[in-house]
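Chains as they are written, first to last, in my numbering: chain H, 1 to 257; chain R, 1 to 432.
Incorrect hints may have been included.
Claimed, not checked - Beta-carbon label-pair distances, calculated as ranges: (1) H:132 / R:366: 56 to 66 Å; (2) R:415 / H:54: 40 to 50 Å; (3) H:148 / R:370: 39 to 49 Å; (4) R:377 / H:217: 14 to 24 Å; (5) R:415 / H:28: 25 to 35 Å.
Claimed, not checked - Counterexamples of contact, computed for chain R against chain H with all Cβ distances above 12 Å: (6) 39; (7) 140; (8) 193; (9) 329; (10) 389; (11) 390; (12) 393; (13) 397; (14) 404; (15) 408; (16) 421; (17) 432.
I should point out that these hints are in silico values taken from the structure, not numbers from a laboratory. C-beta: ideal position from N, C-alpha, C; glycine also.
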Amino acid sequence: MSDFLSIKNLRASIEGNQILKGINLEVKPGEIHAIMGPNGSGKSTLSSVLAGRDDYEVEADSVTFLGKDLLELAPEERSREGLFLAFQYPVEIPGVSNINFLKAAINAKRKYQGLDDISAKDFMVMVKEKQAMVELKSKLANRSVNEGFSGGEKKRNEIFQMAMLEPKLGILDETDSGLDIDALKIVSNGVNKLRAADRSFIVITHYQRLLEYIVPDFVHVLFEGRIVKSGGKELAMELEEKGYDWIKDEVTAQQPS
Amino acid sequence: MKLPRSNPHNNNIEFKAMNKETFLKQFDSIPAHYPIQGEARAAIHNGLDFPTSRDEKWKYTRVNSIVESSIKLNVSTITDVNSFKIDANWCYLVFVNGAFHLGLSDALPNGVEMTSIAQAEGSMKENMLAKLGKLFDHKSQAFPSLNTAYFNDGAFLSVAKNIKIDQPIAILNISEGSAQASNPRNLIHVESGAEVKLIHQFEGVNNSEAFTNSVCEIFVDENAQTEYYLIENEGPETKTISSTNISQKRDSCFTIVTITKSGQLVRNNIHMAITESGCESNMMGIYFTDGTQHVDNQTYADHQDHGCNSNELYKGVLADRSTGVFNGKIMVHQAAQQTNAFQSNQNILLSDKATINTKPELEIYADDVKCSHGCTIGQLDEEAMFYLQSRGLGKEAAHRLLVEAFAQDLIDTIEIDSLKENFSQFIKSKFE
Chain H
1 MSDFLSIKNL RASIEGNQIL KGINLEVKPG EIHAIMGPNG SGKSTLSSVL AGRDDYEVEA
61 DSVTFLGKDL LELAPEERSR EGLFLAFQYP VEIPGVSNIN FLKAAINAKR KYQGLDDISA
121 KDFMVMVKEK QAMVELKSKL ANRSVNEGFS GGEKKRNEIF QMAMLEPKLG ILDETDSGLD
181 IDALKIVSNG VNKLRAADRS FIVITHYQRL LEYIVPDFVH VLFEGRIVKS GGKELAMELE
241 EKGYDWIKDE VTAQQPS
Chain R
1 MKLPRSNPHN NNIEFKAMNK ETFLKQFDSI PAHYPIQGEA RAAIHNGLDF PTSRDEKWKY
61 TRVNSIVESS IKLNVSTITD VNSFKIDANW CYLVFVNGAF HLGLSDALPN GVEMTSIAQA
121 EGSMKENMLA KLGKLFDHKS QAFPSLNTAY FNDGAFLSVA KNIKIDQPIA ILNISEGSAQ
181 ASNPRNLIHV ESGAEVKLIH QFEGVNNSEA FTNSVCEIFV DENAQTEYYL IENEGPETKT
241 ISSTNISQKR DSCFTIVTIT KSGQLVRNNI HMAITESGCE SNMMGIYFTD GTQHVDNQTY
301 ADHQDHGCNS NELYKGVLAD RSTGVFNGKI MVHQAAQQTN AFQSNQNILL SDKATINTKP
361 ELEIYADDVK CSHGCTIGQL DEEAMFYLQS RGLGKEAAHR LLVEAFAQDL IDTIEIDSLK
421 ENFSQFIKSK FE
């Protein structure tokens, strides 16, 4: 059986600046991996590159997802294969209804899988159930995508979409940023309910706080485009206590001068 | 003396531009029904020339391909128009190559009278002649003048006082046969307090290279309410010039929605004379062009009296190498105090090769008014595209959703559900 997600020596640059300088990461089904790191370390670039944003020049020895070459796939194909990116800054799209868009997205995936369109009834049942899960008001589900949503509502809407699309791999890009503690609990709760033996998550965050609610199996520290340290959830605690400076010092000490 | 320019390398190729007389001669077999037609013929044969790119209003729209073309006056063979019907429940008045087709037309609802302009009789003829040509100067504008000179028929439609007509009435103009030239002429009178929804739909059958030069005059009396939908769908190789002049009286409400679906060259002129106080006027338009299409919308909101509101919104989506032109003018005369006039033109370019020339204009002589105008030109939001794609939507589907969203506020101004649906289908078809 092929690996779930296997990233080998992933590099990415934008306008000549190399941001990712050789990322190696193995994710197995059901695991939660947290990626932490100081600002500018490449966390958001990693999530963008995995989701297929085409602003970057990307190279790698290999990136495979469920046996396929991920980098060869268009963003929509990655989504249909089961990858989901919860955006750090969800985009407002006036005039496009949240519900119609989700239905179109679900049907695009079903078509890809050779299935018929979802019935209106099944869809509505699903909407109701998943809405309740992230405590998203039904009036928001019917509005234009993210238009006029508060920061917390936008993040909840991301998790709601994730719940609707039932991905194999969820990437949460700083989902905790800008959330108060109540919203953070609701969002984390939603993610925890989606945990399953065949579903994995990559949780990207600057702060340890989120990881109190979404408890990771592994924590990786990203610094200057490389994963410089990996460990269990206790690594997050250590980072919280000591900040990122000791990591920076360690890395600098290892580098040949 | 100037010598004619010649190219020594190409002297075996003759560039023979057709002169105006040769072009006009092709219409000669059309009889003149009314004296006004004789006047217009005299004007266009003598002195009145077709516009060139030196005319400010025609800077971006060349008409050589029209006025140097060989045209035909074909005989209609159509026996069925059902395929053109957007909604079979509307009342259809059918004109083929300019001439009224009674057999294909529906009976009118109570309160609406219609006569073929060519066959008008009695009091209808008197009423018609009292209004025909009153909203156009057939001596100074070449295309309306050409229409006046050579129209062979049209509808004179009159809606009786204080009557609300629920059934939409559609004037269906079909252009049939290659190189067909038609000069459809319509005259609409909505009497005081009446309420009506009109659709003016242009379609084509085997009409490649056809030219349609339509003129419509609309009189909206006191307190009357009129919605008028202009739907242009003559086919990809056709050329259309459509001139619509409206005159509104006190406390009336008039809305025109122009939907350009096809046509190689389309030029729409709308002149809205808001002659008395308390009026509301809406001008909406949408064009979605591709290939090498050229669509030009010229509008004029003429505020002549106080306390009127006008609202204008035109939206364009331009793909491939197509070009668009928008020139909207709001004129506020000194007597038009307390005018609220708003105008906006918004465009999305889907390709690097598409072009839009847009020019919103305001001219104000009153000092107590609220007016605004503006235009935007942009592309589809790349962030939004990526967001939609990252949820599994293909590029085409994402494009479609965003274009539909862009057009949504215009679609919402369409108050007839079947027309709204027809328009949504049209946008959908552009992505198939």
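Item to check | 12 Å Cβ clearance of residue 140 of chain R from chain H | outcome: 42 Å, holds
Next on the checklist: If I take the minimum Cβ distance from residue 39 of chain R to any residue of chain H, is it greater than 12 Å?
Outcome noted: Label holds. Min Cβ-Cβ 50 Å, cutoff 12 Å.
Item to check | Distance restraint hint 56 to 66 Å, applied to the beta-carbon atoms of residue 132 of chain H and residue 366 of chain R | outcome: 57 Å, holds
Next on the checklist: Beyond 12 Å on every Cβ pair: is that true for residue 397 of chain R relative to chain H?
Outcome noted: Residue 397 of chain R not clear of chain H: closest Cβ-Cβ about 6 Å, inside 12 Å.
Item to check | Assertion that residue 408 of chain R lies outside the chain H interface [Cβ separation over 12 Å] | outcome: Answer for residue 408 of chain R: violated, closest chain H Cβ roughly 4 Å.
Next on the checklist: Please verify that the nearest CB of chain H lies beyond 12 Å from residue 193 of chain R's CB.
Outcome noted: 36 Å, holds
Item to check | Minimum Cβ-Cβ distance from residue 421 of chain R to chain H exceeds 12 Å | outcome: 15 Å, holds
Next on the checklist: If we take the beta carbon of residue 432 of chain R, is the closest beta carbon in chain H still more than 12 Å away?
Outcome noted: 15 Å, holds
Item to check | CB-CB spacing for residue 217 of chain H and residue 377 of chain R relative to the 14 to 24 Å hint | outcome: 50 Å, violated
Item to check | Least C-beta distance between residue 329 of chain R and chain H, which was stated to exceed 12 Å | outcome: Nearest chain H Cβ is 28 Å from residue 329 of chain R, so the label holds.
Checklist entry - Does the no-contact call for residue 390 of chain R survive, Cβ to all of chain H over 12 Å? => result 5 Å, violated
Next on the checklist: If I take the minimum Cβ distance from residue 404 of chain R to any residue of chain H, is it greater than 12 Å?
Outcome noted: 7 Å, violated
The earlier numbered hints that this structure contradicts are 3, 4, 5, 10, 11, 12, 13, 14 and 15.
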